[in-house]
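Peer 1: The primary structure of each chain is shown beneath.
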Amino acid sequence: AQRVTQPEKLLSVFKGAPVELKCNYSYSGSPELFWYVQYSRQRLQLLLRHISRESIKGFTADLNKGETSFHLKKPFAQEEDSAMYYCALQSTGGSYIPTFGRGTSLIVHP
Amino acid sequence: KAGVTQTPRYLIKTRGQQVTLSCSPISGHRSVSWYQQTPGQGLQFLFEYFSETQRNKGNFPGRFSGRQFSNSRSEMNVSTLELGDSALYLCASSGGSGANVLTFGAGSRLTVL
Chain A
1 AQRVTQPEKL LSVFKGAPVE LKCNYSYSGS PELFWYVQYS RQRLQLLLRH ISRESIKGFT
61 ADLNKGETSF HLKKPFAQEE DSAMYYCALQ STGGSYIPTF GRGTSLIVHP
Chain B
1001 KAGVTQTPRY LIKTRGQQVT LSCSPISGHR SVSWYQQTPG QGLQFLFEYF SETQRNKGNF
1061 PGRFSGRQFS NSRSEMNVST LELGDSALYL CASSGGSGAN VLTFGAGSRL TVL
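In order, the protein sequences belong to chains A and B. Numbering follows the numbering used here, with no gaps: position 84 of the first sequence is 84. The number in the numbering used here is simply the position in the second sequence, starting from 1, with 1000 added.
With the rest of the complex left out, here is chain B:
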């Protein structure tokens, strides 16, 4: 079966702009979670969606938001980009018999100039 797909894979933005990242989970997985990965902070949880509802949120400012659609696809948005937002953004889906096991996408590498 197809894995978790994230688009775009790479993008460059300037400070103050906004960005939208997309994630298509494994078919049948209803939970989608997002993470920010940086060399200094490692993997940090952003938020998790299940059946179009945000169930949990990490400790990130309100500039970071997301949503999930009825087909379980998810998007995350970062507004008013800052230099410190440069990171690899990972999406993971989970569900079915391996409910707590995360299957990760390849990530979207965001560079903010």
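Bound conformation, chain A alone:
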């Protein structure tokens, strides 16, 4: 069975500090990994996906198949990064069923 684990429910940092939101997954095949973000009073939206290999709002995430991880990183956190972050996995063959982690709430203090 596929599973996504986000070990931290809450991550609190100061502005300018580095941020790393952890995501580990279990899946027997080659998954597609995503980070979705939900800002206060806004809809859940895509932040980035591993196949794009791009930086969005200063965030990057590298898929590490050996460690089955897809951690989200940003070198210098900004107050506007405060939000709920969800890691998600989708299978790439056959079954569509997406699996989400429980989410990590990031709070960036001024």
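Treat the hints with care, as some may be off.
What the hints assert, rightly or not - The calculated label-pair distances, taken between Cβ atoms and stated as ranges, are:
1. B:Q1044 to A:E67: 24 to 30 Å
2. B:Q1017 to A:G58: 43 to 49 Å
3. B:T1080 to A:P18: 46 to 52 Å
4. A:A17 to B:Q1054: 44 to 50 Å
What the hints assert, rightly or not - Calculated cross-link-like contacts (lysine to any residue; reagent style SDA-like; alpha-carbon spacing at most 20 Å):
5. A:K57 to B:V1101
6. B:K1057 to A:T92
7. B:K1057 to A:R3
8. A:K9 to B:Q1037
9. A:K15 to A:D81
10. B:K1057 to A:K73
11. A:K9 to B:T1038
12. B:K1057 to B:R1030
13. A:K22 to B:Q1041
14. B:K1057 to B:R1067
15. A:K9 to B:L1088
16. A:K73 to A:S55
17. A:K57 to A:R3
18. A:K9 to B:P1039
19. A:K22 to A:S52
20. A:K9 to B:G1040
21. B:K1057 to A:I97
22. A:K9 to B:Q1044
23. A:K57 to A:P75
24. B:K1057 to A:K9
25. A:K22 to B:G1042
26. A:K9 to B:E1082
27. B:K1057 to B:S1027
28. B:K1057 to A:Y27
To be verified - Stretch-level coverage of chain B by chain A, calculated; a stretch enters the list once three of its residues show a Cβ under 8 Å from a Cβ in chain A:
29. 1048–1058
30. 1104–1113
Simulated from the structure, these hints should not be mistaken for laboratory data. Glycine included, every Cβ here is placed at the ideal spot set by N, Cα and C.
Could you slot chain B onto chain A? The hints should help.
Peer 2: What follows is chain B alone, placed relative to chain A:
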């Protein structure tokens, strides 16, 4: 282009009643999926429809059902409501060049009393 639209945004029901939620996907998106979001369980997949057919179903009881119409609009129905069904129900659509990328609606907040 218009985003994913969910109606109603808020509703209150009592135990034993049934509820129908509606979702209009982004134009051109043929896949619509539904999720239940609660503080304790996070986001849980309910089911996914593509071209009026249910392609995948999550681990929810048969009280939860859905359908998709020829214009890709989708509805989900919950019968015999229980207190534990209180949640935010999210709909997402996907398709086109970003086939696996989900675009979410604002959700329908259901409270069961």
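Peer 1: Which hints from the list above does the structure break, by number from lowest to highest?
Peer 2: As far as the earlier hints go, 10, 17, 24, 26, 27 are violated by this structure, in ascending order.
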